[in-house]
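*Asks:* Knowing the structure of chain G, use the given hints to seat chain F on it.
Chains as they are written, first to last, in the numbering used here: chain G, 1 to 140; chain F, 1 to 307.
These are calculated hints, taken from the structure and not from any lab test.
Hints are not guaranteed to be accurate.
[Said to hold, decoys possible] Here are the simulated lysine to aspartate or glutamate pairs, DMTMM-like style, with alpha carbons at most 20 Å apart:
1. LYS122/G / ASP84/G
2. LYS122/G / GLU43/G
3. LYS224/F / GLU48/G
4. LYS56/G / GLU115/G
5. LYS224/F / GLU104/G
6. LYS114/G / GLU16/G
7. LYS56/G / ASP157/F
8. LYS56/G / GLU3/G
9. LYS114/G / GLU270/F
10. LYS56/G / GLU39/F
11. LYS224/F / GLU52/G
12. LYS56/G / GLU225/F
13. LYS114/G / GLU104/G
14. LYS56/G / GLU270/F
15. LYS56/G / GLU87/G
16. LYS122/G / GLU87/G
17. LYS122/G / ASP268/F
18. LYS114/G / GLU3/G
19. LYS114/G / GLU62/G
20. LYS56/G / GLU283/F
21. LYS56/G / GLU73/G
22. LYS114/G / GLU63/G
23. LYS224/F / GLU123/G
Spelled out from the first residue to the last, the chains are:
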Amino acid sequence: MIEITEASIDHAAITERVRSTRAGAVCTFLGTVRELTGTRRTESLSYEAYPEMALKKLAELEEEARRRWPVIELALVHRLGHLDLGEVSVVVAVSCPHRQDAFEACRWLIDTLKEVVPIWKKENWADGGAEWVHPGLDSR
Amino acid sequence: MGRPKLLLPLGGVTVIEGVVTALRRGGAERVIVVAPPAESPEGPALAAAIARAGAEVLSPESRPAEMRQSVELGLVALANDPPPRWVILCPGDAPGLTPKLVANLLELAARRRDCIVIPSHEGRRGHPIVLPWDVAAEVRTLPPDVGVNALVARHADRVIELPVPDPGLIADLDTPEDLDRWSRRPSRPDRDTEDSAPPALALDQAPRSRDTMHVRVRLFALAKERAQRSQLELELPVSATVADLRAALGARLPGLAALWARALIAVDQEYAGDDAILTAGAEIAVIPPVSGGAFRLRNLTIDDRDH
Chain G
1 MIEITEASID
11 HAAITERVRS
21 TRAGAVCTFL
31 GTVRELTGTR
41 RTESLSYEAY
51 PEMALKKLAE
61 LEEEARRRWP
71 VIELALVHRL
81 GHLDLGEVSV
91 VVAVSCPHRQ
101 DAFEACRWLI
111 DTLKEVVPIW
121 KKENWADGGA
131 EWVHPGLDSR
Chain F
1 MGRPKLLLPL
11 GGVTVIEGVV
21 TALRRGGAER
31 VIVVAPPAES
41 PEGPALAAAI
51 ARAGAEVLSP
61 ESRPAEMRQS
71 VELGLVALAN
81 DPPPRWVILC
91 PGDAPGLTPK
101 LVANLLELAA
111 RRRDCIVIPS
121 HEGRRGHPIV
131 LPWDVAAEVR
141 TLPPDVGVNA
151 LVARHADRVI
161 ELPVPDPGLI
171 ADLDTPEDLD
181 RWSRRPSRPD
191 RDTEDSAPPA
201 LALDQAPRSR
211 DTMHVRVRLF
221 ALAKERAQRS
231 QLELELPVSA
241 TVADLRAALG
251 ARLPGLAALW
261 ARALIAVDQE
271 YAGDDAILTA
281 GAEIAVIPPV
291 SGGAFRLRNL
301 TIDDRDH
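Extracted from the complex, chain G is given alone in its bound form (with noise of 0.2 Å):
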């Protein structure tokens, strides 16, 4: 299951979706706004996308998942627009027949989905001021 959503996610509903009667460990990861970033505030995130080729990465990512452990079943969704404190941004579920696989799949997919997946954020500070997260640039 691929989706990029301007929807709120509902984590518990996915990782339902990936339980199975042939997997024995299920391994879901949600990222979620935090708060702080070293002492300054956030007040919430925006995140953008170039939705085609988000998708297809994130299709990639499943088919390269799949090759490398024994993937019962498998969900990426990703959120797009304003976030508030707290909310899921990101969820990466995998379900596997044994508990090593689903940790080793879950932790590539959500690392690897960070680094390219072109799906941006935009962190608005409490303090004022918003700017574009692009490491290695200086966005401000």
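*Replies:* Chain F only, in chain G's frame:
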């Protein structure tokens, strides 16, 4: 044409020598020429010219009836273990072929690994064409009376075209008039010069080619915000590369120099290196570094990771 057209002189060498030289300098590892039988009148002279240019000569005992049979013979010779990744099919009479065109075709093939690459000028396709080996290997499965073009039709969804600025680059010699035009071409582009050398005479009476193409570039995140638009329209030289695109973006919006330098460029939804060649219809996007990623690599693909 009275005498074998492949042995006609053009630019100080024979037509066939020029073609072999262009293929080799353009990056072809092996060049095999399927020639007429050694006993035929022109056989020995042709074999000598081909060998002079550094290609292997394949002389069947009887003259192949169709071009498709010649292609099949050449493919058998190339089917080593492992076979090549790509095969370039080129008629012997391609007087305009240059090393640059061959290199550009191979580069595009390397970037779009499963694609058939065909040069085109204003929508008209020409020679040579690059076939991935799995497609080339299907030649022997074609019925005897069916040409290689049937393979291109069968895999139409895998075809990409490389636009070229000059129809002469991809034409062949079919009539005496063709060669006459070629030999009278006052400033025929030398095979060692850039393809963009202005042609004095177009082979097919097409209007003088435009040397630029129009591309649309999608912008996201900081790029979109700073440019205050979600896409830019640019004029680029035909066969421009991603590096040329970066330069053009810098010229248009110099205030964002760091962004144009650091962003990745996606072509048809794949990250593309600076050497990648752009085509007019390509979907081009500027991808600023993504939020979670370190973007350590300039050409990050999923396959490249963790191996």
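*Asks:* Checked against the structure, which of the hints given earlier come out wrong?
*Replies:* 5, 6, 10, 12, 15, 17
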